[in-house]
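Each chain, written out:
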Amino acid sequence: MKYLSEFRDPEQARQLAAAIAALLPRVRERLPQLGERPLRFMEVCGGHTHAIFRYGLNELLPAGIEFIHGPGCPVCVLPMARVDDCVALVQREGVILASYGDAMRVPGSRRSLLQARAEGGDVRVVYSPMDALALARDNPQRQVVFFALGFETTMPSTALTVLQAAREGIDNFSVYCNHITIIATLRAILQSPEMSLDGFIGPGHVSMVIGEAPYRFVAERFGKPMVIAGFEPLDVLQSVWLLLRQLASGRCEIENQYLRVVRAGGNAAALAAIGEVFELREFFEWRGLGSIDHSGVRLKPAYARFDAERRYALNSPAIADPRACQCGEVLKGVIKPPQCKLFGGRCTPASPVGALMVSSEGACAAYYRYRHSGAEPVTVIDKPGSEEKVNRETAESRR
Amino acid sequence: MNLPFSPVDAVDRERAPRRITLAHGSGGRAMQALIRDVFLSRFGGDGPGGQTVLEDQARLPLAALAARGDRLAFTTDSFVVEPLEFPGGDIGKLAVCGTVNDLAVGGATPLYLSCSVIIEEGLDLALLERLVDSMAACAAEAGVAVVTGDTKVVPRGAADGLFFNTAGVGVIAPGVAPAADRARPGDVVIVSGPIGDHGAAITAARDDLGLDADIASDCQPLAALVQAMLATGADIHCMRDATRGGIATVLNEIAAASKLGINLCEPAIPLREPVRGLCELLGLDPLYLACEGRLLAVVSAADADVLLAAMRALPAGEGAAVIGTVHSERAGTVSLRSGFGGERLVDTLLGEQLPRIC
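In the order they appear, the protein sequences are chains A and B. Read in my numbering, the first sequence has 338 at position 338, and its numbers run on one by one without any break. Read in my numbering, the second sequence has 1309 at position 309, and its numbers run on one by one without any break.
These are calculated hints, taken from the structure and not from any lab test. Some clues are possibly wrong.
[Stated by the list, open to error] From chain A, some residues computed to sit far from chain B (all C-beta separations above 10 Å):
#1 N58
#2 G211
#3 E212
#4 R221
#5 A320
[Unchecked claim] A few chain B residues facing chain A, derived, Cβ under 8 Å:
#6 G1283
#7 S1338
#8 G1341
#9 G1342
Ideal Cβ placement from N, Cα and C applies to all residues, glycine included.
Taking the hints into account, I'd like the entire structure generated from these sequences.
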């Protein structure tokens, strides 16, 4: 397939891995303050996390480079109260809730949307908000609510759908807006005192919309290099190499590896639609990370009639994450998934406690799926070296 | 009420209405006409024992069965699919293939099927006729006779268009004994062709996806393929058809039953480009996509070449390939080595695969 196999060539991957290994000593020379600790690069986006595990990219890299799995899985950071709101909507007479497939399994405080559907709620999986609008057109006697979530990647399609609904005067359609912005979250991570990162693999699809400029503060204010990356294995490897090249030469910039998709200025039409429909919230609650200022958007007053929050007076009482759940520490890269007390025991993909176990792009689900046999606590099935490492981490976390 | 399909004295030749109504399930003339015109006319002919009058059961002559083997294989399956017709097949063809293949992978020669149908009031009669045409054609291809059946009509909303159930009887020849717990270290895993075509075709055919993908279901009977494999004389240790849950689920069952590990080689697994593309687009894993005309066999490495040659000589097996090996480490697990050399576990699916947004 065009644009797939070219970026999955094992031979080129080996060459890139060799180039990375060759560059690493120069980076260490340049950064003596690292001491013995490994270089830590955060891949912000869940799509990258998925690629790293699916292709075993960890194993290709030389020792001394670690991926820290960031918060870029919109399903994972969705607070339980927002799921509860959706469940409450579904239980109302005459409401059809249209949701992306990802959100169906996310646990609310009592039930997920899958469970609400099994209890008779009308929940439809859609691939786009336009499908939800079509549902509203086809069911004029019902109220259709679209469960909008995602970063800047999915914001434009929600915005364009609201604009379309306004043009057509469809009044049985509304949006429960849970869109969030990656920029405020990156800032929060960078300001966290626990943070020890050496660079970022920047989000690809978000950047396709917002371009490169919004990330400048990462390099300019916080002194961390970032490479905006595609989602194929060679993309990720090349981005690691580009990060090392910056560090080795003392540069600190926002670089764009995903040139085939991301333009420096982003997508003007998409940004215009976002600007027309959405405004920043003062703060938004993130699962695992808590409240982050200016990290969410809502519909502007001009589009209030399409805002399910206003129409149904939803006010999402805050629900604390389960106490033992360490999703927040994993999201900030402070611990690895197997170091969480619940990992693989009380918290598994079959019955997730924390959000990171829910989506296939969540770091914990990826660890579990690709590394955990289900029988033993944690077994890494690739290299004997890394097996010891993870088992040791698990042992430590149990003390 | 259970009616064998065999010739029947002429009853009233009233013209069947265009849509199925509750009257078609009432036991009266409309129902008799439906059974006669839609089902008997397609499955009819003399019954298995030269039976010429409709009775409440089909009567299967034992001597003919005993001549073919020493054990009966008996299975049943229900079929619900949306849409009822999809590229590469329909629910009628599926209802024959599903049961025929469940018999075949036990090493049985499938011989007789039942056909029960639950129809939602309002179903287009022309559609029903197309589906039964398709069943009859597929049964003929598979060499099975549909010998008994039943129809029910339920009010609108109580079913989704139409549901089929088929049960099947086949005969297993002496000495043939594929079983999930017979895999041995050093065995190889063979798949009969590209994986996931059926699951991908159904996903792409659903209205709400609006995709224009060139993907057809792999729905096909495997009886002839299995007989060709058995004819090589190779001892087939395990054999399963990969339906719901895809090859990942079947291989996990074999690994668990045999208390051994299975290691797959990702580049060796046949996968059509459009299916790969659809999976990339929706974030689905083809290892878990349903097939309806593919089987997995676990055999001694020494038998692999002769089996592959026999399989590839038939259309149902032309894409056959060795995709993995059985080993004694990590009992009960399936792992996959990617083209990159990285290895990951292939776990049993938790629930339905849900598409990702980004």
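Hint-by-hint comparison with the structure:
{"no.": "1", "hint": "N58", "result": "violated, 8 Å"}
{"no.": "2", "hint": "G211", "result": "holds, 17 Å"}
{"no.": "3", "hint": "E212", "result": "holds, 19 Å"}
{"no.": "4", "hint": "R221", "result": "holds, 27 Å"}
{"no.": "5", "hint": "A320", "result": "holds, 26 Å"}
{"no.": "6", "hint": "G1283", "result": "holds, 7 Å"}
{"no.": "7", "hint": "S1338", "result": "holds, 6 Å"}
{"no.": "8", "hint": "G1341", "result": "holds, 7 Å"}
{"no.": "9", "hint": "G1342", "result": "holds, 2 Å"}
Violated hint for the displayed structure: number 1, the only one.
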